[in-house]
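Number of protein chains: 2
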Amino acid sequence: MRASQFHIGTLKEAPSDAEIVSHQLMTRAGMIRKLAGGIYNYMPIGLRVIRKVEAIIREEMNRAGALELLMPVVQPAELWMESGRWEQYGPELLRMKDRHGRDFVLQPTSEEVITDIARNEIHSWRQLPKNFYHIQTKFRDERRPRFGVMRGREFTMKDAYSFDRDEAGAQKSYDAMYDAYMRIFARMGLTFRAVAADTGSIGGTRSHEFQVIADTGEDLIVYNPATQYAANIELAEAPCLVARRAAPGRTLEKAPTPGATKCEAVSELLGLPLASHVKSLALAVEPEEAGKPVQIWLLLLRADHELNEIKAGKIPGLDHGYRFATDAEIVDHFGCVPGFIGPVGTAKPVKVVADRTVANLHDFVTGANQADHHYVGVNWGRDLPEPDLVADLRNVVDGDPSPDGSGPLAIQRGIEVGHVFFLGTKYSEALKATYLDETGKPALLQMGCYGIGVTRLLGAAIEQHHDARGIIWPRALAPFEVVVCPVGWGKSEAVREAATRLYEGLREAGVDAILDDRDERPGVMFADWELIGVPVRVTIGDRGLKDGQIELQGRGDEAAAKIPVGEALAATLARLAQAN
Amino acid sequence: MRASQFHIGTLKEAPSDAEIVSHQLMTRAGMIRKLAGGIYNYMPIGLRVIRKVEAIIREEMNRAGALELLMPVVQPAELWMESGRWEQYGPELLRMKDRHGRDFVLQPTSEEVITDIARNEIHSWRQLPKNFYHIQTKFRDERRPRFGVMRGREFTMKDAYSFDRDEAGAQKSYDAMYDAYMRIFARMGLTFRAVAADTGSIGGTRSHEFQVIADTGEDLIVYNPATQYAANIELAEAPCLVARRAAPGRTLEKAPTPGATKCEAVSELLGLPLASHVKSLALAVEPEEAGKPVQIWLLLLRADHELNEIKAGKIPGLDHGYRFATDAEIVDHFGCVPGFIGPVGTAKPVKVVADRTVANLHDFVTGANQADHHYVGVNWGRDLPEPDLVADLRNVVDGDPSPDGSGPLAIQRGIEVGHVFFLGTKYSEALKATYLDETGKPALLQMGCYGIGVTRLLGAAIEQHHDARGIIWPRALAPFEVVVCPVGWGKSEAVREAATRLYEGLREAGVDAILDDRDERPGVMFADWELIGVPVRVTIGDRGLKDGQIELQGRGDEAAAKIPVGEALAATLARLAQAN
Numbered sequence: 001m002r003a004s005q006f007h008i009g010t011l012k013e014a015p016s017d018a019e020i021v022s023h024q025l026m027t028r029a030g031m032i033r034k035l036a037g038g039i040y041n042y043m044p045i046g047l048r049v050i051r052k053v054e055a056i057i058r059e060e061m062n063r064a065g066a067l068e069l070l071m072p073v074v075q076p077a078e079l080w081m082e083s084g085r086w087e088q089y090g091p092e093l094l095r096m097k098d099r100h101g102r103d104f105v106l107q108p109t110s111e112e113v114i115t116d117i118a119r120n121e122i123h124s125w126r127q128l129p130k131n132f133y134h135i136q137t138k139f140r141d142e143r144r145p146r147f148g149v150m151r152g153r154e155f156t157m158k159d160a161y162s163f164d165r166d167e168a169g170a171q172k173s174y175d176a177m178y179d180a181y182m183r184i185f186a187r188m189g190l191t192f193r194a195v196a197a198d199t200g201s202i203g204g205t206r207s208h209e210f211q212v213i214a215d216t217g218e219d220l221i222v223y224n225p226a227t228q229y230a231a232n233i234e235l236a237e238a239p240c241l242v243a244r245r246a247a248p249g250r251t252l253e254k255a256p257t258p259g260a261t262k263c264e265a266v267s268e269l270l271g272l273p274l275a276s277h278v279k280s281l282a283l284a285v286e287p288e289e290a291g292k293p294v295q296i297w298l299l300l301l302r303a304d305h306e307l308n309e310i311k312a313g314k315i316p317g318l319d320h321g322y323r324f325a326t327d328a329e330i331v332d333h334f335g336c337v338p339g340f341i342g343p344v345g346t347a348k349p350v351k352v353v354a355d356r357t358v359a360n361l362h363d364f365v366t367g368a369n370q371a372d373h374h375y376v377g378v379n380w381g382r383d384l385p386e387p388d389l390v391a392d393l394r395n396v397v398d399g400d401p402s403p404d405g406s407g408p409l410a411i412q413r414g415i416e417v418g419h420v421f422f423l424g425t426k427y428s429e430a431l432k433a434t435y436l437d438e439t440g441k442p443a444l445l446q447m448g449c450y451g452i453g454v455t456r457l458l459g460a461a462i463e464q465h466h467d468a469r470g471i472i473w474p475r476a477l478a479p480f481e482v483v484v485c486p487v488g489w490g491k492s493e494a495v496r497e498a499a500t501r502l503y504e505g506l507r508e509a510g511v512d513a514i515l516d517d518r519d520e521r522p523g524v525m526f527a528d529w530e531l532i533g534v535p536v537r538v539t540i541g542d543r544g545l546k547d548g549q550i551e552l553q554g555r556g557d558e559a560a561a562k563i564p565v566g567e568a569l570a571a572t573l574a575r576l577a578q579a580n
Numbered sequence: 001m002r003a004s005q006f007h008i009g010t011l012k013e014a015p016s017d018a019e020i021v022s023h024q025l026m027t028r029a030g031m032i033r034k035l036a037g038g039i040y041n042y043m044p045i046g047l048r049v050i051r052k053v054e055a056i057i058r059e060e061m062n063r064a065g066a067l068e069l070l071m072p073v074v075q076p077a078e079l080w081m082e083s084g085r086w087e088q089y090g091p092e093l094l095r096m097k098d099r100h101g102r103d104f105v106l107q108p109t110s111e112e113v114i115t116d117i118a119r120n121e122i123h124s125w126r127q128l129p130k131n132f133y134h135i136q137t138k139f140r141d142e143r144r145p146r147f148g149v150m151r152g153r154e155f156t157m158k159d160a161y162s163f164d165r166d167e168a169g170a171q172k173s174y175d176a177m178y179d180a181y182m183r184i185f186a187r188m189g190l191t192f193r194a195v196a197a198d199t200g201s202i203g204g205t206r207s208h209e210f211q212v213i214a215d216t217g218e219d220l221i222v223y224n225p226a227t228q229y230a231a232n233i234e235l236a237e238a239p240c241l242v243a244r245r246a247a248p249g250r251t252l253e254k255a256p257t258p259g260a261t262k263c264e265a266v267s268e269l270l271g272l273p274l275a276s277h278v279k280s281l282a283l284a285v286e287p288e289e290a291g292k293p294v295q296i297w298l299l300l301l302r303a304d305h306e307l308n309e310i311k312a313g314k315i316p317g318l319d320h321g322y323r324f325a326t327d328a329e330i331v332d333h334f335g336c337v338p339g340f341i342g343p344v345g346t347a348k349p350v351k352v353v354a355d356r357t358v359a360n361l362h363d364f365v366t367g368a369n370q371a372d373h374h375y376v377g378v379n380w381g382r383d384l385p386e387p388d389l390v391a392d393l394r395n396v397v398d399g400d401p402s403p404d405g406s407g408p409l410a411i412q413r414g415i416e417v418g419h420v421f422f423l424g425t426k427y428s429e430a431l432k433a434t435y436l437d438e439t440g441k442p443a444l445l446q447m448g449c450y451g452i453g454v455t456r457l458l459g460a461a462i463e464q465h466h467d468a469r470g471i472i473w474p475r476a477l478a479p480f481e482v483v484v485c486p487v488g489w490g491k492s493e494a495v496r497e498a499a500t501r502l503y504e505g506l507r508e509a510g511v512d513a514i515l516d517d518r519d520e521r522p523g524v525m526f527a528d529w530e531l532i533g534v535p536v537r538v539t540i541g542d543r544g545l546k547d548g549q550i551e552l553q554g555r556g557d558e559a560a561a562k563i564p565v566g567e568a569l570a571a572t573l574a575r576l577a578q579a580n
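Residue numbers (the numbering used here), protein chains in the order written: chain B, 1 to 580; chain G, 1 to 580.
One should not assume that every hint holds.
For chains that are exact copies, the list does not tell them apart, and a pair is met inside one copy or across any two.
Heads up, simulated DMTMM-like pairs for lysine to aspartate or glutamate below, C-alpha to C-alpha not over 20 Å straight-line [claimed, not checked]:
#	residue 1	residue 2
1	K34	E68
2	K351	E288
3	K314	E237
4	K12	E558
5	K52	E68
6	K441	D388
7	K34	E78
8	K172	E142
9	K262	E306
10	K97	E87
11	K441	D166
12	K254	E530
13	K34	E121
It is worth saying that the hints were derived from the structure and are not from the lab. Just so we're clear, the structure is a prediction, and the values are computed from it rather than from any experiment.
The whole structure should be built from the sequences, with the hints applied where relevant.
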């Protein structure tokens, strides 16, 4: 490609709504242009990256035996009603009516349609396993789209769906996708982790997220640097930090703690370490039948720990939904204003759930169910009954022992770019997607689903690979691998000749190169290509050519290397081979 | 690809709503599955063809210097209001509201968005010319979607948009696209014609359609077999068939023609050739100001010719819209019931437009403006004034002299798969898309737009290339180029070995081959692959191998050729090279 025949739309300034660096750099590099909130045009330079992402995904999906098809963007509501998601999906599901008043949705994913295909196409166990995927436009009507392509409304996703005879087969399909994803993100030159994850609203029993590591990520990843263990903090198991509960060492005392509603303030006031305080969180569960009373739960966590709401939502009794109790409900059940409640001597009975660590504490501090007072020296069994339930309620913190028993856990931030789910029969049951097994009996298809955010990957890669001057593309994703920058294109025949020769040589060697024949000043050219993030730049000018030299610089290199002009092609190829 | 790892979804029966052969065959071959009216899933075998179509288009678009980008499916209404198409576009434009109640459309084309991009990105004449294209999902909410992918609602289209400094530049861009389209459809192995076409509602001044020739096509193409002349019948110029008007030879007579309201009946009754009859069509033009009277026009055509409504709509005075006159309007203006009206002695004045041929007739027959009577021996000048206007009003008929002056015209049917338009400044004016010219003054961008119906091409190719057994794909579009059919895969090691060797050899030679390892009976395999339309089939069985032979058959061949097994690869490659 010659730059004069391409469209380079670099900008000095990022738009004011670009909060994160990838959004800023993608706009400034001319990769995207906003059309509406969360809806972007992908300009030629941005589309080049998308195509490289898609090609890697396609190759690895095909290698794993998945079959590409194409399901429509516009899908009839009937199938979504059949699965129940027409009701369950919130306003993110864009619904519309056609000219005849029939209901349709813009697909956010395609579980319903692929299950419909499977129930029509898969008749016999002989046809299994099957894995179908498509790379297609998706739409999610985010309430507040932002972060550029990271949380857009219209985006491109690769979604795959596997169909198997039984759980063991489905696990094999899941593992094959897991392995394909590992290859895909490795080939893209990204630093990433596969982490165990919560299955959320998609349902199913097992799931892994693929997280690109970046300080700006929205997800917290818990991992053991010494082993393979890694999980999203939503799921990561938090161990009990106290091996055995010690015998009481203090008597129970009620201490005045005027105005101290926060554990930190109580700790300071009483001169006792924060880790000896227990915080009391009152939750409410609405009754199943109208007219019955609200049920109040009390969750106990060590004061230096944080509640993990996903884990709380899995506790039997809380797993059909809960909310935080209102002030009135707290006063009613604890006989005390919020800020001083605790498990000892509640006004009405409440369900007490202790975090694993709390269950083994002794001589701890809790609210006294009396305004401006806390109990000190609280001990299980002696001062209050054993908790109704002991559970993992908290987020892992840095340094917690790993659940796999080897050393402390660490925490880092990540950007989710892929997700694999073991779905089981959730959709095949709803849509009655069966096949005839070897005995001729109908059996439900076992399913998995597997997504990769194609356009989001661009943002994630940039969050991980950039500096103050712009993007630093991994070679596999770069819009161009090499840029040849002739200085004085319009003036010097020698420069034109040397630059063109190198450019042609690179192209013949199969390199995706661009020749910047715009006749711009070096400063303009360099700023453009550093912003765009091309891995290798070659500068050819009269001054260097006089000494028989050209300049070669990797995007991350401190300085350019001077290379004899005769070695230009070989040296460029060698430098490119070293690029990430 | 091995068939056992692919999904082959051939069907014995076509769905009852499949009216045309391409719809029947695409469904039966397992290429498409209907999801909703005019909305299809593209199954793996169908998507393979789409990808081949897209690859050819992409290569030729890039070769012509066009730049690929990607514009969204969901587009904000504001831009469509700016162009005026929010109002003008009928119910085919699917409109919807997002969760915040803002108006959006599903794109049927992208003139508005690309013009918005251009006005933001193109600042200077130095950036011109530019041609941007994308291959993207489109949606048109057809009232009655049918004919499978030929008139669907959701479909894939390649649309390109060129931007130039002036008309001469825009003409160059147009010509480059015309040439690219010629290469594209030729590479696809299609018999097609580029025909001059009407610009219709897209606007602009010049346009060509690319028509795949097929008897089942909806369009009529007029062409000169001896020259390059070709035009859609909507546009094709119909010449005057009478070189000079002869002097009157008969006196004017009123003849009784009881009940004969059709020219054919009058001709039979009077014993005069149909070509001496003139039919009178009364049109009405609504007044511009309410309260003013409707204006009645009388269009005169030779009785054996047909009115071309597009041509009529271009006549000054009719070019803002017309309709056929009502019976009451006819009685009011002609003093006579419909069926017997004519230009001689109307009750009220009407505008008379004569077709070119009618203008040179003499001694002709027309209605007498009296029930059950016609005039015979009518002559211009003597019996009625010269017509107010002489114009080309009729459809060309087979055998008409060509407008380029060399021999008779022929007519054939075609399927429109591409269309190029010279748009001029229609959209740049509406959206104020300007650039700074060499003098630093803002000037409107000159535009062209260029579409290819990607998914429709599949249907068109099949309409042109099929027989009773199924599809006959041109090699360039075939989902697989060669199928290797082993007879007795499960039983014979020798068959497995020979088939696998040939299959691997084909793959190494870069052939897109499939090995049918399903262990089906030959009849089932042959029926599947003939239905699917793979260009070359190789059959390998124990019986042939005993004689050292395999069987090779092109999809259109009468019979298979026996080939020595040692020459299997070379012979298959040679046969494939002969395929269209």
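Verification of the supplied hints:
no., hint, in the structure
1, K34 - E68, "between (30 Å within a copy, 17 Å between copies)"
2, K351 - E288, "within (17 Å within a copy, 80 Å between copies)"
3, K314 - E237, "within (13 Å within a copy, 76 Å between copies)"
4, K12 - E558, "neither (23 Å within a copy, 67 Å between copies)"
5, K52 - E68, "both (17 Å within a copy, 14 Å between copies)"
6, K441 - D388, "neither (45 Å within a copy, 81 Å between copies)"
7, K34 - E78, "between (33 Å within a copy, 14 Å between copies)"
8, K172 - E142, "neither (34 Å within a copy, 44 Å between copies)"
9, K262 - E306, "within (13 Å within a copy, 91 Å between copies)"
10, K97 - E87, "both (16 Å within a copy, 19 Å between copies)"
11, K441 - D166, "within (14 Å within a copy, 71 Å between copies)"
12, K254 - E530, "neither (65 Å within a copy, 89 Å between copies)"
13, K34 - E121, "between (40 Å within a copy, 12 Å between copies)"
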